[in-house]
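Peer 1: From just these sequences and the hints, can you work out the full model?
2 protein chains.
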Amino acid sequence: MQNRQIAVAELPTGTLTEANFALEKAIMPTPKDNEVLLRTILMSIDAANRSWMQGATYRAAVKAGDAMPTYSICEVVESKSDRFSAGDIVATESVWADYVVCPARQLQKLPDMAPLSNLMSVYGIAGKTAFHGLVGVGKPIAGETVLVSAAAGSVGGYVGQIAKALGCRVVGIAGGPDKCASVVQDLGFDACVDYQDPGLFKALKAACPNGVDIYFDNVGGKVLETALFHMNERGRVVCCGAISQYDTNNATGPRNLPGLVVVKRLRMEGFIVMDFADQDATALRALKHWVSTGQIKVQEDIVEGLENAPSALIGLLAGRNRGKLMVRVSADPS
Amino acid sequence: MQNRQIAVAELPTGTLTEANFALEKAIMPTPKDNEVLLRTILMSIDAANRSWMQGATYRAAVKAGDAMPTYSICEVVESKSDRFSAGDIVATESVWADYVVCPARQLQKLPDMAPLSNLMSVYGIAGKTAFHGLVGVGKPIAGETVLVSAAAGSVGGYVGQIAKALGCRVVGIAGGPDKCASVVQDLGFDACVDYQDPGLFKALKAACPNGVDIYFDNVGGKVLETALFHMNERGRVVCCGAISQYDTNNATGPRNLPGLVVVKRLRMEGFIVMDFADQDATALRALKHWVSTGQIKVQEDIVEGLENAPSALIGLLAGRNRGKLMVRVSADPS
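Protein chains in written order, with UniProt numbering: chain D, 1 to 334; chain X, 1 to 334.
No lab work stands behind these hints: they were computed from the structure.
No copy labels: a pair is met if it fits in one copy or bridges any two.
Taking lysine-lysine pairs in the DSSO-like style, the calculated list, with each CA pair at most 30 Å apart, reads:
hint, residue 1, residue 2
1, Lys202, Lys63
2, Lys63, Lys205
3, Lys205, Lys164
4, Lys202, Lys139
Here the structure is a predicted model, which means the values were calculated and not measured.
Peer 2: This is the structure in C-alpha cells:
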C-alpha cells in the first residue's frame with residue numbers, strides 16, 4: 001500500500017495557483033493506541049480552505065510545508081480504538097492524503113447512506129450551514145424577500161431552496177449568464193442576477209421590487225456593498241463567508257458600513273455551522289423532508305482523484321463549480 | 001417680535017464650514033388650526049445633523065435653501081390646538097430659528113423640570129440612546145468588557161457610565177489626551193485610549209486584556225476597523241453612528257468586514273432611539289436612579305445664541321465638545 005499527500009509548498013500572496021501545492025509520496029502511517037488508520041473517500045472543497053491560508057481563523061493558520069487541511073469522509077481500515085471497527089464510515093478534520101491516522105476522539109461516525117456524497121452536500125456541512133444560517137440567524141417569514149450570493153455554490157443553492165420552501169421570494173446572485181439561468185431553472189429561484197454585470201445595482205432593484213429582508217452573504221466586498229443599499233429596514237444580513245476577500249491582498253470594506261446598519265437598523269450576524277450542532281437533528285429532518293417532496297434538488301460537483309484537489313480549489317475560487325464541490329479519492333464501500 | 005432662522009446656504013461637499021449656512025431675518029409665523037407658535041429654548045446639536053446633509057436617511061435629506069432641521073425644546077407662545085396651552089414646554093422636530101409654527105400632532109409635551117437642559121442630555125435623546133443601545137441591543141452582562149467610541153461625547157459618556165453601573169469593565173476611545181483624561185477622571189471609565197495615537201491597536205489591547213465583548217460604535221471607519229480586531233467571539237457591535245464618515249466625501253469601509261463578523265460570530269446591529277420608545281419609561285427610571293446614586297454624572301456643553309449654532313455643529317464634528325452639546329436660543333421659563 002502506498003500513500004500520497006498534498007502539501008502547501010508556499011503560502012499564496014495573491015491568487016492561489018497550482019504552484020502553491022506539491023503532491024508528495026508519504027509514508028503509510030501506523031495507528032497507535034486510541035488512533036485509527038483511515039482511507040480517504042471524499043474530501044470537501046470549500047472557500048474556507050483558502051481563508052485558512054490567510055491566518056488564524058476559528059482554526060490555526062495553515063503554514064508552508066503543512067499537508068493541506070480538509071474535512072473528509074473516510075473508511076476505517078485499522079482501529080486501535082474500541083469505539084471504531086474496520087469498515088466504519090466516519091467524518092473528520094483531516095488532510096489531503098490517500099491515508100491518514102487520526103485520534104479516535106476527533107472522528108464522527110456517519111450513518112450508512114448511499115451515496116456517501118450526500119453527507120458532504122445536502123445532509124452535510126453545506127445543507128446544515130444553509131439551514132442554520134437561514135433559519136437560525138436570518139429567521140425568515142413567508143412573504144419576505146431573501147437574497148443569496150454565490151447562489152450556484154453549495155451553500156447558496158440550499159439557502160434559496162429552503163427559503164422558497166418557507167414561502168419567501170428568493171433572488172440569487174451568481175457569476176455569468178449560464179450560472180444565473182441554472183439557478184432559476186434548476187433550483188427554482190424567482191430570479192438571479194449576475195454580479196459581473198455593471199448594472200448590478202439596477203438589476204437587483206428590478207429583481208427585488210419590495211426590497212430585501214434577508215441577505216445571505218457568502219461573498220462580502222462589492223456585492224455586499226451593493227446588496228446593503230437594497231435592504232429594508234430591520235433587515236438581516238447573515239454573514240456566512242467572504243469569498244471575494246479570500247484570494248486577494250486588496251480586500252476592501254463596504255463603504256456603506258456601518259452607516260446603513262444604523263440608518264436601516266440592520267442586524268449583521270456571523271455564524272459557524274458548529275455553533276448550531278444542537279439543532280443538527282432538526283435540520284436533517286427538515287432537509288430530508290424537502291428532498292422527499294422535491295423542494296430541494298441536490299447538486300453535487302465531484303472531481304475524481306486526489307491529485308486534482310488543487311485545481312478543484314482554484315476552480316472553486318474562480319467560481320467554476322455548480323453545487324457542492326468535493327474530490328473523490330477512493331470509491332464508496334460496495 | 002422679530003424672528004431669525006439659519007438656512008443651509010449651500011450643501012457641504014467636504015468638511016462643513018460656516019459658509020454652508022446663512023443667518024436670515026424671517027417672518028414671524030402665524031399658527032393655523034391645530035398648529036402652535038413655539039419659542040425655541042434649546043436646540044440639540046448632533047452629529048446626525050451633518051448626516052442629514054448627505055442624503056435621505058431615516059428622514060428626508062436636507063436641501064440647499066432649507067432652514068436647518070433640529071430637535072428642539074420650546075415653549076408654546078400661542079396655541080390653535082386644544083391639546084396645548086401657552087406656557088407648555090414641548091419637544092419637537094423643528095428648525096434653527098427663534099420662533100416656529102408646528103402642527104400640534106408632532107409635539108411631545110415635556111414634564112416640568114429644572115433645568116430643561118437635562119431633557120436634552122441625560123433624560124433626553126442622549127441618555128435614552130445610550131440606555132437603549134447598550135441595554136436593548138448590546139445586552140451587557142456584569143464582568144464583560146464594554147468599549148465605547150466618542151466617549152467624551154453626549155451618548156458615549158452615558159454608555160460608559162451605565163455599563164459601569166451594570167458591573168462591566170469600561171474602556172473609552174476619545175480624541176486627544178485631555179479628553180481621555182477627563183473620561184477616566186470625571187466619568188469613571190476604567191481606561192480611555194486616544195484614537196489619534198498611531199499606537200491605537202496596542203493601546204486598545206493593553207486597555208482590554210480580556211478582549212471586547214461589546215463595542216458601542218459612534219464613529220465607524222478606522223476606529224471600528226481597529227476595534228473589530230479586539231472583539232471576542234460572540235461579541236456585539238452596537239451601531240449607533242458613524243461620525244467619522246459624515247463630514248467627508250472619502251468614506252472608507254472597514255476592510256475586516258464582513259470577514260471578522262463570520263470568523264468571530266459577531267452581531268452588528270443598528271438602532272434608532274425611537275425604535276425603543278416603548279421602553280422609554282424603564283430607561284428614564286433607571287437613569288434617574290443612577291443620577292441619584294451618583295453613578296451617572298451629567299455633562300452638558302451649552303452654547304449661547306442661535307447665531308452660534310453653525311460653529312457649534314462644526315466644533316462637534318471636530319470633536320470639540322464635552323458631553324451633550326446644545327444651543328440656548330432663549331431662557332428657560334422662570
